[in-house]
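**Q** Work out the full structure, taking the sequences as your base and the hints as a guide.
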Amino acid sequence: MKTIIIGGGLGGLSAAISLASEGVETVLYEKNSHFGGKMKSVDIDGYHFDFGPNTITMPYVFENVLRKGGMEKKLTYEKLEIHTRNQFPDGTIFDLSSDRNRMIEQLETLDKKGADSYDRFLKAITSLFSVSYSSFLTRTFTSRCDYFSFRLLKDTWKVRPFTNMDRFFKHYFSSPYVRNALNRYATYVGSDPYRAPATFAMIAYLELMEGVYYVRGGNTKIADTMVQAARNSGACLYNNQKVSALMKDEDNITGVILEGGEKIEADHIIINGDIAHTLPELLDEELPKYDPSVSAFVITAGLKGSLPFHHHHLFFSSDYKQEFKELRSGRFPSDPTIYIATSCKTDSSVSPKGDNCFILVNAPPGQKIDKETYKRLIYHKLEANGFPISNYIVTEKIWAPEDIEQEFSTFQGSLYGPSVNNKKQAFLRPRNKSDRFQNLYFAGGSTHPGGGSPIVTLSGQNVANHILGKITK
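Sequential numbering from 1 applies to the sequence shown in the working numbering.
Derived from the structure by calculation, the hints contain no laboratory data.
Among these hints, one or two may not hold up.
[What the hints assert, rightly or not] Quick list of in silico lysine to any residue cross-link-like pairs, SDA-like style, CA-CA up to 25 angstroms: (1) LYS170 - ILE104; (2) LYS321 - ASP90; (3) LYS325 - LYS371; (4) LYS353 - SER334; (5) LYS353 - PHE309; (6) LYS123 - SER98; (7) LYS289 - ARG331; (8) LYS242 - GLN406; (9) LYS397 - SER33; (10) LYS248 - ILE264; (11) LYS170 - SER127; (12) LYS40 - SER348; (13) LYS123 - MET58; (14) LYS470 - SER33; (15) LYS375 - GLN406; (16) LYS40 - LEU237; (17) LYS112 - PRO89; (18) LYS31 - SER41; (19) LYS123 - ARG102; (20) LYS321 - SER306; (21) LYS371 - VAL42; (22) LYS113 - MET209; (23) LYS40 - LEU258; (24) LYS40 - GLU402; (25) LYS242 - GLU402; (26) LYS248 - GLN228; (27) LYS263 - SER33; (28) LYS73 - ARG216; (29) LYS325 - PHE309.
[What the hints assert, rightly or not] Using C-beta positions, here's what the derived DEER-type ranges look like: (30) GLU262 - ILE93: 52 to 62 angstroms; (31) ILE44 - THR472: 46 to 56 angstroms; (32) GLU210 - LYS353: 46 to 56 angstroms; (33) TYR133 - ASP99: 15 to 25 angstroms; (34) TYR133 - HIS380: 38 to 48 angstroms; (35) SER33 - GLY386: 37 to 47 angstroms; (36) GLY469 - ILE264: 22 to 32 angstroms; (37) ASN239 - LYS263: 12 to 22 angstroms.
Beta carbons: idealized from backbone N, C-alpha and C, even for Gly.
**A** Okay, structure coming up:
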């Protein structure tokens, strides 16, 4: 039996390791020069940047996959004491941490209601994650029937599908500073906290209960180590090799056609990529329209010397809700919330010359803007907050939504496939198996269970386990 995987993101690598380690002949084709998808290293003039993801949670998910390829315990995960420094226009600071006492101490000053209800809040998000993990994240959805089992319908009621994230957080916290810091978790799945179901407040559990990690040497070491694990397992990985079409008969995909014209037959095909972008290209089939997740406007900036950034540092807009209204209408925020990851604050080895600032603001998918003008707006806001970054820049590169679409083959440059801004897209994401073709599968952020580095890793593992179950029957 032979499986071909199209795309070498974390989902594709996870599937390759899981299949090859069980003796399945596995071949993976990646169109880019690097493996890892958006987990990409960017090295410019002696400065190293992790393009994404910058926040690492659930390290056990990566370790479970790496163990299959004999590469467990090869990564050094460093737990961050302060996950994110949240800075507001009036100078207010609120740090997120998995240290309960530290959180309550801050809440006593900022949000007395929040301090009193914090333990109840932790219990609630623990429950959200527990149900979500067992019923959604570790399951493979291959048919419509999978969404309508009695247990799943019962568990769906438990994960607060009928209230949004903002209302959920309001139940426990009165301070707009605290709520905005927590509402930002919606952007981890490219969505709007005023529309996304409270189910996704489970992301708060991952950070506030389990913690946020950084991988020494750069988070892209995760992808590098997964590549080694896949090859250790016997998988054949090819980069700079684009699949241009799929070969098909009535209800099966019989193989792939490479860009050079070579035809390769296979028993199973896994597409690891944004299916809204990839499927029309490979099969000339249109998919149902969906509301895409947000895109991003990114600046990778290398500085001479150092500014007092934290590893993860946020500068909030004066009106967070208005920011999402602008995004929803297809406009770049006029007063954007700015996220900056400066990994050298934790690991000086990645950027000995000075701060390596990965700067990101949410952007509307499929829209364009004058890059230099918007960059200056971002720098001006940072200067107003006490960080005159433009005076320190040695090198920089700008990525707008169209660049992200081109680099990562994502629909309109969206970062996480479909948004979760409505219940259908939140709970009925594209399934892991084609309706039309019996041996065509999907893994990655645009399909079930969703976006985020550990979640897409689970997606690839889930699909591989499903295929293994069919082979051994």
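**Q** If you draw a straight line from the CA of LYS397 to the CA of SER33, is it 25 angstroms or shorter?
**A** holds, 19 angstroms
**Q** Hey, LYS248 versus GLN228, does the alpha-carbon distance stay inside 25 angstroms?
**A** violated, 32 angstroms
**Q** Is the Cα-Cα distance between LYS113 and MET209 25 angstroms or less?
**A** holds, 20 angstroms
**Q** Do the alpha carbons of LYS263 and SER33 lie within 25 angstroms of each other, as the hint requires?
**A** holds, 21 angstroms
**Q** Between the alpha carbons of LYS40 and LEU258, is the straight-line distance 25 angstroms or under?
**A** holds, 24 angstroms
**Q** At the C-beta level, are ASN239 and LYS263 separated by a distance inside 12 to 22 angstroms?
**A** 20 angstroms Cβ-Cβ, so the 12 to 22 angstroms window holds.
**Q** Does the Cβ pair SER33, GLY386 satisfy 37 to 47 angstroms?
**A** About 39 angstroms separates the Cβ atoms of SER33 and GLY386, which means 37 to 47 angstroms holds.
**Q** Look at the Cβ atoms of GLU262 and ILE93 and judge whether their distance stays inside 52 to 62 angstroms.
**A** Because 57 angstroms falls inside the window, the suggested range holds.
**Q** What's the verdict on LYS325 and LYS371, does the C-alpha distance respect the 25 angstroms limit or exceed it?
**A** Status holds; Cα separation ~21 angstroms.
**Q** Taking the beta carbons of TYR133 and ASP99, is their distance inside 15 to 25 angstroms?
**A** holds, 23 angstroms
**Q** Going straight from one Cα to the other, do LYS123 and ARG102 come out at no more than 25 angstroms?
**A** Holds: LYS123 and ARG102 sit about 17 angstroms apart, inside 25 angstroms.
**Q** For the hint 46 to 56 angstroms, verify it against the beta carbon of GLU210 and that of LYS353.
**A** Cβ of GLU210 to Cβ of LYS353: about 33 angstroms, so the range 46 to 56 angstroms is violated.
The structure does not agree with the numbered hints 4, 14, 20, 26, 29, 32 stated previously, though it agrees with the rest.
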